[in-house]
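All chains, full assembly: derive it from the sequences and hints.
Going down the list, the sequences are from chains H, E, V and Y.
Per the numbering used here, the first sequence starts with residue 1, numbered consecutively.
Per the numbering used here, the second sequence starts with residue 206, numbered consecutively.
Per the numbering used here, the third sequence starts with residue 411, numbered consecutively.
Per the numbering used here, the fourth sequence starts with residue 616, numbered consecutively.
By construction, these hints were calculated from the structure, which means they are not laboratory data.
Warning: the hint list may mix true and false statements.
[Said to hold, decoys possible] Partial selection, computed: residues in chain Y whose CB lies under 7 Å from chain V:
(1) ALA688
(2) ARG739
(3) PRO744
(4) ARG786
(5) ALA788
(6) LEU789
(7) ASN793
(8) SER798
(9) MET801
Quick caveat, the model's predicted, so the values are computed rather than measured.
Even glycine gets a Cβ: it sits at the ideal position worked out from N, Cα and C.
4 protein chains.
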Amino acid sequence: MKILVTGFDPFGGESVNAASETVRRLPDAIAGAEIIRLEIPTVRYRSLQVIEEAICRHDPDVILSIGQAAGRADITVERIGINVDDYSIPDNEGNQVTDQPVIADGPDAYLVKVPVRAMVERIRSRSIPASISNSAGTFVCNHVIYGVCHLIATKYPGRQSGFLHIPCLPRQALGKGNMPSMSQEMMTEALKAAIEAIAEEKQNF
Amino acid sequence: MKILVTGFDPFGGESVNAASETVRRLPDAIAGAEIIRLEIPTVRYRSLQVIEEAICRHDPDVILSIGQAAGRADITVERIGINVDDYSIPDNEGNQVTDQPVIADGPDAYLVKVPVRAMVERIRSRSIPASISNSAGTFVCNHVIYGVCHLIATKYPGRQSGFLHIPCLPRQALGKGNMPSMSQEMMTEALKAAIEAIAEEKQNF
Amino acid sequence: MKILVTGFDPFGGESVNAASETVRRLPDAIAGAEIIRLEIPTVRYRSLQVIEEAICRHDPDVILSIGQAAGRADITVERIGINVDDYSIPDNEGNQVTDQPVIADGPDAYLVKVPVRAMVERIRSRSIPASISNSAGTFVCNHVIYGVCHLIATKYPGRQSGFLHIPCLPRQALGKGNMPSMSQEMMTEALKAAIEAIAEEKQNF
Amino acid sequence: MKILVTGFDPFGGESVNAASETVRRLPDAIAGAEIIRLEIPTVRYRSLQVIEEAICRHDPDVILSIGQAAGRADITVERIGINVDDYSIPDNEGNQVTDQPVIADGPDAYLVKVPVRAMVERIRSRSIPASISNSAGTFVCNHVIYGVCHLIATKYPGRQSGFLHIPCLPRQALGKGNMPSMSQEMMTEALKAAIEAIAEEKQNF
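This is the structure:
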């Protein structure tokens, strides 16, 4: 089994993105699954193109994307991507759109196919706070959740996709008042735990 | 130089207190200062009696107390203790008082004598979020800040005292939604950094 | 034009629900539209049955449901209902389900058909804070958003539906620390403004 | 009995300050007390000079100051002012100081003399959320609490002073996400209730 794990590059004026920092620390194999690490641009559509190229090249069974959610204190496993692009800040190529669909004529939303609750429980079993999220917002994170589900539904059947939001790193929270953060070690461990839950579920089928 | 470092025992129905967990992990010496670790009860006045006994036994130059502040995301160095006991929950011996002084006829408040800003900066220099807090609330944490300052002002002159609030541990935040937390390693490191800042400042005089 | 406006009855041990309090204060007509006020039970499926009965009896053009969102500070116009019932507390008949669909084999979500952004702007034009929300949670509020959209899609075509979350009333926030609230007058005014935006948009077609 | 009620002018780039808006709406008499309304500048020391001039001119029995606390959801009656000026933004004349005393050689803090708890209870009795606050921060609001207490302690004995923080007005919260606010009517009513509690307590002595 192969799992493609993606992390966004920095955006919003930050020099680091906790997501790509964490993805690059993953080992080559977790629970018997081969791990392919990929940094993707925080850009509307271009993010999806880079993922689609990696799907073609690597033929992964699972695509798991990771994003940073400043202000969240725990690991959140996203349940759904919605057919809405509504950006309150520009993406890394200056796109800032209001109330646009990700895919014209696409369905209103896609519930992800990875085992969301098992992922949360596996992370918590390592004493790391985690919960299910019912909204990934309407910026590029949601764009990728929806867009990858749509790729699978329309062009690459038989695969699963999912999305984890992770907090800021402690160094990103310096001087930002009560901004929550999580240590790099704990975020890497959480991501491994989530991948284990996915790998084991697939191997049980 | 000797530094007495105190941590509260668990309260409010919790089985663990991040403060005592962190204090017990401190080494015997930091930056040339001897460290004396002490767990204190989360009890009005009894907490102060245990600290006073330790002052008599160990003759410390500095008394630094550590408390857990559920809901705070960063290390907060408290600036002041006020002459108010106003407990919204009972302490560990069932004391729940409203609008009472810590010390009848004591001054309204004491600003702590440790170098608050240098402690914050030293913690941040380790990439750990920290800030100054201007209120330790009105429960046993504030009681200890005020009470130890009053002991020093009235009976044990020439010493310094201070107080750090630390977030919950990750395992305490499990299942509590968006409750912030900080890893044990990071909290221990932060406490060491704060003590270094205190020790170096005193050695410069 | 007729608009059916529903408000939930109290739940979670509260004696009042800001939603039903506000709905019952609406006038019989707003911007030329006839207003039909309806209290609905905070109960899985039963809420939808009561709404469907009212659709049959009154033949409304629009169904606008109102719910209370404790902790939110502004009026939020919901954008989407998702096919998930995941209740962290029991509803008013004791139903507490985990990760169940609202409608087995229903689509993953429905974007609402009312003019969400125009509703927000109209409310703000009255100097009342409002924003778009991308998640109504997974309790009975979301159940009603999804369920009513599904009724319209499958049985009652040609209608629109929408959902507003409103904050707690000030008297519900007493003694609850920093819980935000909004005055009754302001919430009633906001609801009228939202309905005007819906009525005017439909009359322009 | 005379009560001087002060409200700050706008600061931080805002065009309105909820405090001065509310103070100017007070009637000339409340519960038998004559009310003197005064706008004061959000400026270090200059704020205190303007208050001292009004004390000399009007000889009030009570000085009650009102400030705006963006982000707080309820009316907070401040318990204490501390001898610290530590401004994270400049005041209206560009003063931005770090860790300075309000009054060199002044006591560390002053607990206010007005009946804080009775004021909170009276406001709540009007179904308006209110609570006691143990920190007014370290900007000009705290400067005024501490400074007026010090004026009374050193030059104008026999008087009382106090401070209320009020939320933003709804129109100040537009487009600021989940920023809490309170209607003008409710804030004016809360301020009247707090003044009644002060007036009645003094008349009982």
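Results for each hint:
For ALA688/Y, the interface hint holds, the least distance from its beta-carbon to any beta-carbon of chain V being 4 Å, beneath 7 Å. Evaluation of the ARG739/Y hint against chain V yields a held restraint, the C-beta minimum of about 5 Å falling below 7 Å. A hinted interface residue such as PRO744/Y counts as satisfied when its beta carbon comes closer than 7 Å to some beta carbon of chain V; here the least separation is about 4 Å, so the hint holds. Below 7 Å, beta-carbon pairs count as interface contacts, and ARG786/Y has one with chain V at about 4 Å; its hint therefore holds.
Interface restraint check for ALA788/Y: the shortest CB-CB distance to chain V comes to about 4 Å, inside 7 Å, so the restraint holds. Below 7 Å, beta-carbon pairs count as interface contacts, and LEU789/Y has one with chain V at about 5 Å; its hint therefore holds. Below 7 Å, beta-carbon pairs count as interface contacts, and ASN793/Y has one with chain V at about 5 Å; its hint therefore holds. Checking SER798/Y against chain V by beta carbon gives a least distance of about 4 Å; that is within 7 Å, so the hint holds.
Interface restraint check for MET801/Y: the shortest CB-CB distance to chain V comes to about 6 Å, inside 7 Å, so the restraint holds.
Consistency note: the structure conflicts with none of the earlier hints.
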